[in-house]
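Each protein sequence line maps, in turn, to chains A and B. The opening residue of the first sequence carries number 1 in the UniProt record's numbering; numbering runs sequentially from there. The opening residue of the second sequence carries number 1 in the UniProt record's numbering; numbering runs sequentially from there.
Be aware that a few hints might be false.
[What the hints assert, rightly or not] Computed footprint of chain A on chain B; a stretch qualifies when at least three of its residues, placed anywhere within it, have a C-beta under 8 Å from a C-beta of chain A:
(1) 48-54
(2) 94-101
(3) 190-200
[Stated by the list, open to error] Pair by pair, the computed Cβ-Cβ distance ranges are:
(4) A:Ala-273 / B:Asp-96: 29 to 35 Å
(5) A:Thr-132 / B:Ala-115: 30 to 36 Å
(6) B:Phe-116 / A:Ser-218: 31 to 37 Å
(7) A:Ala-273 / B:Pro-183: 26 to 32 Å
(8) B:Ala-187 / A:Asp-280: 21 to 27 Å
(9) A:Pro-202 / B:Ser-69: 47 to 53 Å
(10) A:Pro-108 / B:Ser-69: 26 to 32 Å
(11) A:Glu-203 / B:Asp-73: 48 to 54 Å
[To be verified] Result set (DMTMM-like, lysine to aspartate or glutamate): computed pairs, CA atoms no more than 20 Å apart in a straight line:
(12) B:Lys-165 / A:Asp-110
(13) A:Lys-338 / A:Asp-314
(14) B:Lys-165 / B:Asp-73
(15) A:Lys-265 / A:Asp-305
(16) A:Lys-265 / A:Asp-284
(17) A:Lys-338 / A:Asp-264
(18) B:Lys-165 / A:Glu-113
(19) A:Lys-338 / A:Asp-307
(20) B:Lys-165 / A:Glu-68
Treat the hints as calculated values from the structure; they're not laboratory data. Glycine included, every Cβ here is placed at the ideal spot set by N, Cα and C.
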Amino acid sequence: MGRAARFTVPSRGTATLALLAVVLVAAPAAPAGADDGGIDLAHGTVLVDGTEVPLQGRFAYPTFGLAEDPVIRGVVHGVYRVDGATALYYSLGEDTVGMGFGEANPFPSDIQEASVYGYNMASSVELVDVGTLQGFRPLVVDGQALTSSSTDLEAGPGQLVVAWALFPELPEGTTTVDVQIGRGAVVADVPVGDGALAPVVPEAAPVLGTGWPALAPSDQVGAADPAASTFDLARRTSDVEGVAQSAETAEEVEVTLDANVLFDKGSATLSSAARSTLDDVAADIAARGTGTVVITGHTDSDGSDADNQVLSEDRADAVLSVLEPASGDAVTFTTAGKGESAPVASNATPEGQQANRRVTVVYSVQGDAR
Amino acid sequence: MSARRGTVVVSAIAVVATLLAGCTGGDPTPDASSSAASATPSATAPPEVSAAEVADDLFGAGVPTAVGSTSGDVEGGGGKTGAVDAEVYAVDAYADRTLVSFGLRSGDGELTVAAFTFTGPQWSFDYLEGFAVVDPTTQERLEAYVDTSTEGAGAAHETCSLKPKTLGPDFYPQTCLLPPLDPATTAVTVEIPNLPPIDDVPVTRHDAGE
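Please put together the full structure from these sequences, using the hints given.
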């Protein structure tokens, strides 16, 4: 229900007109900082019962992934550097049945990973740092995530309660992150602030506007292993034709070349279309490659193992013959053939076989990612 | 109060109410409890609202306006083929990332999304395998970031919503975080696996200064 519907119409006619006229003049079209005429849930700050509430973006997901499920909706309040960790605050709720035992469960068992994060924890939350290509999951101590407990997240229909999670410390230069919540819903470009939110209240999951929940104590934060909650991300791009697919981490680039385009069928002779693709790869290696470049050929499972082994080795050598002269002096090369022994897809389908016919080029990089 | 006078008052109320709705474009307007603070805004003080107003904005948003759509048939569970509609609500371009918001629904009753639905050759069970945006400026296809520690294991974490288990008549909300677009790009092609691509989807830029 929109807030316009909350205007009550008094029963007296003349007084009603006068009151409405005053309201029409006095009430602004929307609060300051609003988008779409409403509250700016993406980049706003509001005062709720005297508590300053930052709003950094909304999210929504059906609880258990089924079409008829209640939809959990929420808003991220912010990501903040705190002693030894990074804190995430967010509010969430459901508007038909509410959240809690027997009602909508925002963190059902299929997304909890209880063996890692403990049972009934609001642990399905991640921070994504696209600048450093790192991801962060909640800190864990003694098999329990440092997050709100999902059993504390009780709210009536249409009510919002505040939850929290603690992650490893973000890299020093990181100024924004992306937040994933629940069934992977993404809130993008959330600024990173400093310090925990105040005032802190005793409730584990306070109603929005009544204060902020206490985070885990410092001794628990100190007992967690940040490395166990940090993972590397790969940035994946390809050319439009899909001939060269690149997966790039902070330290390494892996280019997967489609052998169906690079070579004639069953042959190690490079096609005319291969040249420009390999020139692009060589240019990137020359610009920022370091160490040893590893070229590996792969085949599908058609044909004998021995023939496929030879074909994969010959194809790796063919790629080497183009890359090595054009890649500068900062790198060295090595080649290998793996035949049909390392498929990336099922050989039972034509699509899978096509994906398995490939040559990979892996090299370390220095300097900023592209 | 006479009947005639009552009619005039009701009509006037309707006119004022219409004006109010017009002023806000039909969007929520602050109620009396917050209007006093909102009527005298300062340059720095945030507006005062109630928790219920924040919730109203959140829960009352409805389905966003689509900026692109597609439809097609996909293989569902039990060997059945089902019609699926997809709508793209926004392609938000930031300086160093892109966020795509979209929805999926069944066009023909409830559709069970089988493990192999919306997959490619790697049979990703958890995500829409191959979801991508094509940037016409760079001629690059951009896909979600993936956790390299589990890549290739079929359960690698990606920066996208998890795949729905079923689809019904309402659009199921999805988001996907991708690498950045070229700063000059104003429209893209959105590729949803198993469905025809959606061309010329406008980009909303959030680069510095915009």
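Hint-by-hint comparison with the structure:
1. Under the rule that three or more residues need a Cβ within less than 8 Å of chain A, the assignment of the region 48-54 of chain B holds, with 7 such residues.
2. Judged by the Cβ-Cβ criterion of 8 Å, the region 94-101 of chain B is covered by chain A as claimed, because 4 of its residues qualify and three suffice.
3. With 0 residues bearing a CB less than 8 Å from a CB of chain A, the region 190-200 of chain B misses the requirement of three and the coverage assertion fails.
4. With their beta carbons about 32 Å apart, Ala-273 (chain A) and Asp-96 (chain B) fall inside the hinted range of 29 to 35 Å.
5. At roughly 33 Å, the beta-carbon separation of Thr-132 (chain A) and Ala-115 (chain B) lies within the given 30 to 36 Å, and the hint holds.
6. Distance hint check for Phe-116 (chain B) and Ser-218 (chain A): the Cβ-Cβ separation is about 47 Å, which falls outside the suggested range of 31 to 37 Å.
7. Here the CB-CB span from Ala-273 (chain A) to Pro-183 (chain B) is close to 30 Å, well matched to the stated 26 to 32 Å.
8. At roughly 25 Å, the beta carbons of Ala-187 (chain B) and Asp-280 (chain A) sit within the given window of 21 to 27 Å.
9. A hinted range of 47 to 53 Å holds for the C-beta pair Pro-202 (chain A) and Ser-69 (chain B), which are about 48 Å apart.
10. Separation of Pro-108 (chain A) from Ser-69 (chain B) is about 30 Å and conforms to the stated range, judged on CB atoms against 26 to 32 Å.
11. At roughly 50 Å, the beta-carbon separation of Glu-203 (chain A) and Asp-73 (chain B) lies within the given 48 to 54 Å, and the hint holds.
12. Restraint check for Lys-165 (chain B) and Asp-110 (chain A): satisfied, since their Cα atoms lie roughly 12 Å apart, inside the 20 Å limit.
13. The hinted pair formed by Lys-338 (chain A) and Asp-314 (chain A) meets the criterion: a straight-line CA distance of about 11 Å does not exceed 20 Å.
14. Among the hinted pairs, Lys-165 (chain B) with Asp-73 (chain B) is consistent with the structure: their alpha-carbon atoms are about 16 Å apart, no more than 20 Å.
15. A threshold of 20 Å between alpha carbons decides the hint, and for Lys-265 (chain A) with Asp-305 (chain A) the separation of about 17 Å falls inside it, so the pair holds.
16. Of the supplied pair hints, the one linking Lys-265 (chain A) and Asp-284 (chain A) is violated, its CA atoms being roughly 28 Å apart against a limit of 20 Å.
17. With a CA separation close to 19 Å, the supplied pair Lys-338 (chain A) and Asp-264 (chain A) stays within the 20 Å bound.
18. Distance check on the hinted pair: Lys-165 (chain B) and Glu-113 (chain A) sit about 18 Å apart at the alpha-carbon level, within 20 Å; holds.
19. A distance of roughly 11 Å separates the Cα atoms of Lys-338 (chain A) and Asp-307 (chain A); the hinted pair therefore holds under the 20 Å criterion.
20. Straight-line distance between C-alpha atoms of Lys-165 (chain B) and Glu-68 (chain A) comes to about 10 Å, which keeps the hinted pair within the 20 Å bound.
Violated hints, in rising order: 3, 6, 16; the structure is consistent with all others.
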